[in-house]
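Residue numbers (my numbering), protein chains in the order written: chain B, 162 to 401; chain H, 162 to 401.
Derived by calculation from the structure, the hints in this document are not laboratory data. Be careful, since some hints might not be right.
The list makes no distinction among identical chains, and a pair is therefore deemed to hold if it is satisfied within one copy or across any two copies.
[Stated by the list, open to error] Below 25 Å or equal to it, Euclidean Cα-Cα: the simulated DMTMM-like pairs (lysine to aspartate or glutamate) are:
| # | residue 1 | residue 2 |
| --- | --- | --- |
| 1 | K326 | D356 |
| 2 | K273 | D400 |
| 3 | K218 | D199 |
| 4 | K273 | D341 |
| 5 | K195 | D400 |
| 6 | K273 | D292 |
| 7 | K273 | D243 |
| 8 | K397 | E276 |
| 9 | K269 | D346 |
| 10 | K273 | D257 |
| 11 | K397 | D356 |
| 12 | K397 | D359 |
| 13 | K273 | E398 |
| 14 | K218 | D346 |
| 15 | K195 | D209 |
| 16 | K273 | D359 |
| 17 | K195 | D389 |
| 18 | K397 | D225 |
| 19 | K273 | D360 |
| 20 | K195 | D341 |
There are 2 protein chains.
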Amino acid sequence: MANPTAAMLVIGDEILSGRTRDANMHYLAGELTKHGIDLNEVRIVSDDASAIEAAVKALSGSYDNVFTSGGIGPTHDDITADCIARAFGAHIDVRDDARALLQAHYDKSGLKLNEARLRMARIPDGAVLIDNPVSTAPGFTIGNVHVMAGVPSVFQAMVASVLPKLTGGSPLLSQTLRVDRGEGDIAATLASLADAYDDLSIGCYPFQINGAFGANVVIRGAEGTRIDAAMTQLAKELDL
Amino acid sequence: MANPTAAMLVIGDEILSGRTRDANMHYLAGELTKHGIDLNEVRIVSDDASAIEAAVKALSGSYDNVFTSGGIGPTHDDITADCIARAFGAHIDVRDDARALLQAHYDKSGLKLNEARLRMARIPDGAVLIDNPVSTAPGFTIGNVHVMAGVPSVFQAMVASVLPKLTGGSPLLSQTLRVDRGEGDIAATLASLADAYDDLSIGCYPFQINGAFGANVVIRGAEGTRIDAAMTQLAKELDL
Numbered sequence: 162m163a164n165p166t167a168a169m170l171v172i173g174d175e176i177l178s179g180r181t182r183d184a185n186m187h188y189l190a191g192e193l194t195k196h197g198i199d200l201n202e203v204r205i206v207s208d209d210a211s212a213i214e215a216a217v218k219a220l221s222g223s224y225d226n227v228f229t230s231g232g233i234g235p236t237h238d239d240i241t242a243d244c245i246a247r248a249f250g251a252h253i254d255v256r257d258d259a260r261a262l263l264q265a266h267y268d269k270s271g272l273k274l275n276e277a278r279l280r281m282a283r284i285p286d287g288a289v290l291i292d293n294p295v296s297t298a299p300g301f302t303i304g305n306v307h308v309m310a311g312v313p314s315v316f317q318a319m320v321a322s323v324l325p326k327l328t329g330g331s332p333l334l335s336q337t338l339r340v341d342r343g344e345g346d347i348a349a350t351l352a353s354l355a356d357a358y359d360d361l362s363i364g365c366y367p368f369q370i371n372g373a374f375g376a377n378v379v380i381r382g383a384e385g386t387r388i389d390a391a392m393t394q395l396a397k398e399l400d401l
Numbered sequence: 162m163a164n165p166t167a168a169m170l171v172i173g174d175e176i177l178s179g180r181t182r183d184a185n186m187h188y189l190a191g192e193l194t195k196h197g198i199d200l201n202e203v204r205i206v207s208d209d210a211s212a213i214e215a216a217v218k219a220l221s222g223s224y225d226n227v228f229t230s231g232g233i234g235p236t237h238d239d240i241t242a243d244c245i246a247r248a249f250g251a252h253i254d255v256r257d258d259a260r261a262l263l264q265a266h267y268d269k270s271g272l273k274l275n276e277a278r279l280r281m282a283r284i285p286d287g288a289v290l291i292d293n294p295v296s297t298a299p300g301f302t303i304g305n306v307h308v309m310a311g312v313p314s315v316f317q318a319m320v321a322s323v324l325p326k327l328t329g330g331s332p333l334l335s336q337t338l339r340v341d342r343g344e345g346d347i348a349a350t351l352a353s354l355a356d357a358y359d360d361l362s363i364g365c366y367p368f369q370i371n372g373a374f375g376a377n378v379v380i381r382g383a384e385g386t387r388i389d390a391a392m393t394q395l396a397k398e399l400d401l
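Throw the hints in and build the complete structure from the sequences for me.
Here is the structure:
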């Protein structure tokens with residue numbers, strides 16, 4: 162049976178302007194691979210309401226799961242929750258359960274739950290809160306979309322809250338063989354191997370060290386015995 | 162006048178599986194910002210022909226420039242050039258100009274220009290070659306799409322070949338103010354500042370160091386005097 166599919170939507174001007182290098186995509190990719198969910202597409206859009214709404218609709222309709230990152234803080238440019246609500250045609254306002262979490266958090270820290278911070282309690286009707294053990298302000302799941310923070314430590318904690326609840330598939334297994342020859346030398350061998358093992362994905366990633374060409378051949382699939390067989394055949398054909 | 166727009170398409174299973182952390186997006190974002198081209202969207206798709214073709218069509222129709230990264234090497238999983246040709250309805254085959262470049266390169270290095278390496282001379286009719294000073298195999302521009310390699314050193318060299326030929330706009334300028342207070346404390350001030358300076362983009366990026374909350378406020382725009390004015394007003398309102 163095929164694994165469940167997923168897409169990710171990263172929201173933030175700071176990524177697209179080159180100010181910040183996104184870290185959440187690479188983290189999520191690794192976690193999904195372990196959990197047996199295939200990440201098939203990522204989109205990065207700016208803090209623009211119509212761009213966010215259009216991307217959420219497109220991805221939500223095409224994949225089993227969508228994970229978003231960014232835009233759920235207390236400032237004017239944090240518009241993700243409202244855009245997601247609109248994409249689902251859901252009503253959104255400050256919700257009592259989220260407000261209670263924030264109230265308890267700010268009472269404890271002696272800060273005021275002011276109007277800006279209350280923005281973080283805006284949750285669409287029907288959404289399920291995602292726990293935030295780092296800084297309390299929750300994410301949420303609506304339909305097949307999981308809405309999470311952009312700050313990496315919070316994003317990672319939210320992924321840890323969400324992933325165990327999702328149906329996973331077979332973890333993607335992989336083996337890598339380093340070949341100290343140029344890609345062009347081994348391409349024909351790889352192509353016929355890919356034909357013979359069409360249940361596996363065979364990738365070739367070239368490198369150059371001190372002027373010498375080489376490539377890492379990565380074979381991925383759900384069944385370890387098949388990967389073993391393909392690797393053995395590859396090594397034999399390359400006289401390794 | 163508004164700056165020209167751009168999108169990027171990153172192609173590669175290795176990014177989506179979490180094996181490799183993409184570096185080209187962050188690099189391109191910084192270069193485009195300097196050149197006055199606004200990067201509005203990024204998509205990452207796997208080595209899947211229909212996904213690549215659909216993404217190229219969508220992005221090419223929506224933005225002034227599209228930059229792709231990955232999938233133009235000699236192996237069976239390098240299918241980008243053929244997908245781009247299909248997206249543009251262009252004929253593609255080994256082209257004499259590209260073959261001549263490769264032939265000279267491999268003659269010099271004493272390697273054979275075999276069938277696999279010849280794949281890298283597959284260029285759509287009507288496309289203009291992009292110079293590759295690192296490893297010779299060229300990229301190409303067709304319509305508003307610039308097709309480049311995934312290996313970061315080659316990608317960067319190709320960006321350097323392409324960018325000077327493109328119409329730029331005003332470089333995006335920015336100033337950053339570090340505020341040692343929680344985002345929620347300064348959000349109201351930022352919101353009214355954003356209203357007053359609607360030609361600028363005002364972003365707020367929270368951090369936490371040794372348990373203390375703070376935020377970097379970044380003001381971006383095309384006119385330095387406007388950014389100066391907004392920063393001065395912000396500092397005043399926050400008593401800094």
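*Quick one: which hint numbers does this structure break? Sort them smallest to largest.*
1, 5, 14, 16, 18, 19, 20
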